[in-house]
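*Asks:* Chains as they are written, first to last, in the working numbering: chain A, 79 to 361; chain B, 79 to 361.
Fair warning: there could be bad hints in the mix.
The list cannot tell twin chains apart, which means a pair is met if one copy fits it or any two copies do.
Unchecked claim - Computed list of lysine-lysine pairs in DSS-like fashion (alpha-carbon distance at most 27 Å, straight line):
| # | residue 1 | residue 2 |
| --- | --- | --- |
| 1 | K279 | K254 |
| 2 | K311 | K326 |
| 3 | K156 | K279 |
| 4 | K348 | K326 |
| 5 | K326 | K254 |
Because the hints were derived from the structure by calculation, they are not lab data.
There are 2 protein chains.
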Amino acid sequence: MKNVCIIGTGLIGGSFALGIKKLYPNCKIIGIDSNPDHAQMAVEINLVDEAGSYEAIKDADLVVVAIPVDATVNELPKVLDAVSDDGLVIDVGSTKYDICKIVEDHPKRRNFLAAHPIAGTEFSGPRAAIPTLFEGKTNIICEVEKTAFKLQERALKLFNEMGMRIRYMHPAPHDKHIAFVSHLSHISSFMLGKTVIDEEKNEKDIFDMAGSGFASTVRLAKSSPEMWTPIFKQNRENIIGTLDAYIKNLQHFMDLMESDKYEDVYLEMKNTNRIKDILNGIT
Amino acid sequence: MKNVCIIGTGLIGGSFALGIKKLYPNCKIIGIDSNPDHAQMAVEINLVDEAGSYEAIKDADLVVVAIPVDATVNELPKVLDAVSDDGLVIDVGSTKYDICKIVEDHPKRRNFLAAHPIAGTEFSGPRAAIPTLFEGKTNIICEVEKTAFKLQERALKLFNEMGMRIRYMHPAPHDKHIAFVSHLSHISSFMLGKTVIDEEKNEKDIFDMAGSGFASTVRLAKSSPEMWTPIFKQNRENIIGTLDAYIKNLQHFMDLMESDKYEDVYLEMKNTNRIKDILNGIT
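Okay, chain A solo, but in the shape it has when bound (with noise of 0.2 Å):
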C-alpha cells in the first residue's frame, strides 16, 4: 500500500486514514473533501498528508469513499472512471443497495468493493476520527463476487489487519436488517430527545434530573443530520416498515398501561430482557 486516497474527511474517512497509517507509516495519504476547510483540517491534525482532488485517484492503490451516501451515489462512478486498472475503490456507506445498483454496470465495477463497517461514534468531522474505531467491529461485505479476486484479496487483508470480522451479505437484506439495529435506534433516539426538549421549554431545570440511563438512550440524537437524513431518504421502504413497527408496540404498552394490565406490562419488559445475552459482545 503506497497510495491511498480518503474521499471524505471525518469520522469514518480520518479512522480509515489512522488505522491504515498505523500499519503502513510510509503509504502516502491523500484527503480529498468537498469541504476545503475538512481537508486543511485534516493536513493540520495530521490525519492524512495531503488535501488533493480527483486527480490524485489514478495513482491510489486504494480509495476509501466515506461521504454521505446520496454524494457516493453520485461520486463513485466518478471515482471509478478516475481509478486505475489496478486500483480498489471501497465504500463504507451505512445503505448498500442503491450504492451497489449505481455502480453494476460501471465498467470498473469489478475494482468497486462495498462494504459496511459497523463502527462510529455520534461525533463527526475530521476531529473525530479514532485510530482503532475498526478494531473488534464487524464490517459487512456485499456482492464481494463482483470485485476482482486480487482486489478483494487487498481489501481483507487490510480489513483483518485493522482487527475487523468480515460478514457477507446481499445488498437488499442487508439493507433491511441495518435498518433495525441501527437506523431505528437513530430515530428513537432523534424523537426520544424532541420529546424532553418539547416538555423542557416551559420547565427551565428538568435537566438537572437526567440520569446515565437518558444520556444513554439520547445519545444519538447527537449524531449528523447531514450524514443521516440521505440514509433515511435511501433505505426509507425499509425504515418506514421499522418505524410502524415500533410505533405499535409503543402504542400497545401504553394501552396496556391506560388498561391498568400490568401483569402484562411486566411480561413486555421481561420478554425483553433477553436483549441482555444478546448484547453480550457489542461495545
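Given the coordinates of chain A, work out where chain B should sit on it, guided by the hints.
*Replies:* Chain B in isolation, oriented as in the chain A frame:
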C-alpha cells in the same frame, strides 16, 4: 452514625451500604431483605455486616428504604412505626407522590425524608452495588420542610459526604418531570429491544450487525421488570402523557418520510442536536 438498616439490599440499597461503610468504617450495617437469598448474599460479599429484621430498626440512626416503590408504600408506615424518635428514615424511590402521600399523616412523619438519587445502572441485586454510585449525582429531596431539622442535617451531611448534589422539589412536579427524563427512556428502550427481537425471530444473524449505537439505545431494556412495573403503575398518568407525546413525534417523523419531506426530516434532527449542550455534564 453507629447503626444503619438497609431495607432492600439490591443495587441502590447495597450501594448506600458500601458508601456509608467507606465513610464510617465502625458503623454497623444491617441488611433487611424479603428475599433471604439476597440478604445472605449481601452478608457474604460484605455489603452489610449482618442480615436482620424490622426488630433492628428501633436501634438505627438511619434506615434506608430501597425496595420497589409499591413495596415502599406498603412498608414505609411500618418502618416509621418501628423507628426511634431520633431515627431517620430515607426512601430512595423513583416516584415520590404516592410515597409522600401514604405517610403525610403518620405520627412519625418528621422522622422521614423523601429522596430520589438519580443514579443507577441497568443491573440489579446485591452484586450490582457500587461504592461510588452516587458520586457527583443529583439527589432530589421532596417536602424537606416536613422532616425534623436535625434529621435533615443528618441526611444532608451524609449526602454531601457521598458526593451528591442536592435539589429540592415538590412530589407532583418531580413525578411529572422524571417521567420525561427517566421513565420514558426506559419504555423507549424496552420497546426498541422488543421491535428488534421480534424481527430477529426469523433472522438469526441480525445481531451480528448491531453496533455500539444500538447497544447504547437499548441498554435500559436490561433493567429489572420487578422494579419498573410498580414505578410505571404509580406514575401512570404522567407516563401515559409522555408516551403519547413520544408516539406523536415518531408518527410525525414517519409522516415526513412517507411524504418525502427530507428537508423537514433534516430539521427534526438538526433542532434536536442541541441535546449535545444539554447532556454536557451528564455521564
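*Asks:* Each hint needs a verdict: does it hold in this structure or not?
*Replies:* Hints, verified against the model:
{"no.": "1", "hint": "K279 - K254", "verdict": "between (36 Å within a copy, 14 Å between copies)"}
{"no.": "2", "hint": "K311 - K326", "verdict": "both (22 Å within a copy, 21 Å between copies)"}
{"no.": "3", "hint": "K156 - K279", "verdict": "neither (47 Å within a copy, 41 Å between copies)"}
{"no.": "4", "hint": "K348 - K326", "verdict": "both (18 Å within a copy, 26 Å between copies)"}
{"no.": "5", "hint": "K326 - K254", "verdict": "both (18 Å within a copy, 24 Å between copies)"}
In this structure, only the earlier hint numbered 3 is contradicted, and the remaining ones agree with it.
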